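Let the sequences and hints guide you as you build the complete structure.
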Amino acid sequence: QKEVEQDPGPLSVPEGAIVSLNCTYSNSAFQYFMWYRQYSRKGPELLMYTYSSGNKEDGRFTAQVDKSSKYISLFIRDSQPSDSATYLCAMKGYGGATNKLIFGTGTLLAVQP
Amino acid sequence: GAGVSQTPSNKVTEKGKYVELRCDPISGHTALYWYRQSLGQGPEFLIYFQGTGAADDSGLPNDRFFAVRPEGSVSTLKIQRTERGDSAVYLCASSPQTVSGANVLTFGAGSRLTVL
Chain A
29 QKEVEQDPGP LSVPEGAIVS LNCTYSNSAF QYFMWYRQYS RKGPELLMYT
79 YSSGNKEDGR FTAQVDKSSK YISLFIRDSQ PSDSATYLCA MKGYGGATNK
129 LIFGTGTLLA VQP
Chain C
674 GAGVSQTPSN KVTEKGKYVE LRCDPISGHT ALYWYRQSLG QGPEFLIYFQ
724 GTGAADDSGL PNDRFFAVRP EGSVSTLKIQ RTERGDSAVY LCASSPQTVS
774 GANVLTFGAG SRLTVL
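Protein chains in written order, with our numbering: chain A, 29 to 141; chain C, 674 to 789.
Honestly, the hints are just simulated from the structure, not real lab data. Source: prediction; values computed, not measured. Please note that the accuracy of each hint is not assured.
Beyond 12 Å from chain A on every Cβ pair, some chain C residues (computed) [unchecked claim]:
# : residue
1 : G689
2 : F718
3 : Y721
4 : R757
5 : F780
Calculated cross-link-like contacts (lysine-lysine; reagent style DSBU-like; alpha-carbon spacing at most 35 Å) [as the list claims (entries may be wrong)]:
#  : chain 1 : residue 1 : chain 2 : residue 2
6  : A       : K70       : C       : K684
7  : C       : K690      : A       : K30
8  : C       : K684      : C       : K751
9  : A       : K70       : C       : K751
10 : A       : K95       : A       : K84
11 : C       : K690      : A       : K95
12 : A       : K30       : C       : K684
13 : A       : K70       : C       : K690
14 : C       : K688      : C       : K751
15 : C       : K688      : A       : K70
16 : A       : K30       : C       : K688
Ideal Cβ placement from N, Cα and C applies to all residues, glycine included.
Here's what the structure looks like:
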C-alpha cells in the first residue's frame with residue numbers, strides 16, 4: 029500500500045464548476061500538506077500548503093486537512109479552462125533527518141469551456 | 674537565476690550508456706532535491722542535498738545512480754549503464770533553509786530521459 033493515495037482521474041468538469049480533489053494517507057507522522065499543480069511537460073508548482081489540520085483559503089482555492097481521517101482536499105471554485113492540469117498532493121513529517129516530500133500519483137483535471 | 678534550470682530538457686540514449694543530468698538551483702537555496710516521475714505517476718524521491726552533502730539518498734534505486742553537488746550549488750545526477758526502465762522525467766527542486774518546516778520546493782521543468 030502506498031503512503032499517499034490519490035485518484036488519477038481523469039476528471040472532466042464544465043467551466044464554472046466547483047472541483048473537489050482528494051488524497052488519503054497512511055503515515056500519521058505527516059504534518060505538512062501541499063498541493064502542486066503541474067501543466068503538461070512542466071515541473072510542478074506549489075499552489076498551497078497547510079500545517080496540521082484545518083482549512084486554508086487563497087482566492088478560488090481552498091485546502092482542507094482532516095488528520096483524524098488522514099484525508100486532505102483541494103477545492104477549486106469557479107473553475108476555468110486554465111485550471112486544466114494535473115494536481116498533485118504532497119506531504120511530509122516535521123523535523124528529522126529528511127525533508128523529503130511524498131507525492132500522490134496526481135489527478136488529471138480538464139475544465140471544458 | 675530566476676528559477677530552477679535543468680539541462681538537457683530531453684535526452685535520448687541507448688541501453689548501457691552513461692548519462693549526466695544537470696540542475697542549477699535558485700541562487701541562495703541551500704536544499705536541493707532530485708525526483709523521478711514516470712508516466713502517469715507522481716514524483717518519486719531520489720536524493721536530497723543540504724549544502725554539499727547528501728542528507729538523504731534513500732530513494733536512489735540502485736548503485737547505478739549517483740548524484741553530486743560539489744560546491745553547494747549546481748548538482749549533477751549520474752546514471753551508469755542505463756536501462757529501459759530508467760526512462761522517465763527527472764525533476765530537480767530547490768528550497769531555502771527550511772522555514773517552520775514547510776519546506777516549500779520550487780521545481781525545474783525536468784529532464785526527459787528516454788533509453789532505447
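Results of checking the hints against the structure:
no.	hint	in the structure
1	G689	holds, 27 Å
2	F718	violated, 4 Å
3	Y721	violated, 6 Å
4	R757	holds, 21 Å
5	F780	violated, 3 Å
6	A:K70 <-> C:K684	holds, 16 Å
7	C:K690 <-> A:K30	holds, 32 Å
8	C:K684 <-> C:K751	holds, 13 Å
9	A:K70 <-> C:K751	holds, 22 Å
10	A:K95 <-> A:K84	holds, 14 Å
11	C:K690 <-> A:K95	violated, 46 Å
12	A:K30 <-> C:K684	holds, 30 Å
13	A:K70 <-> C:K690	holds, 26 Å
14	C:K688 <-> C:K751	holds, 15 Å
15	C:K688 <-> A:K70	holds, 26 Å
16	A:K30 <-> C:K688	holds, 30 Å
Violated hints, listed in ascending order, are 2, 3, 5 and 11; each of the other numbered hints is respected by the structure.
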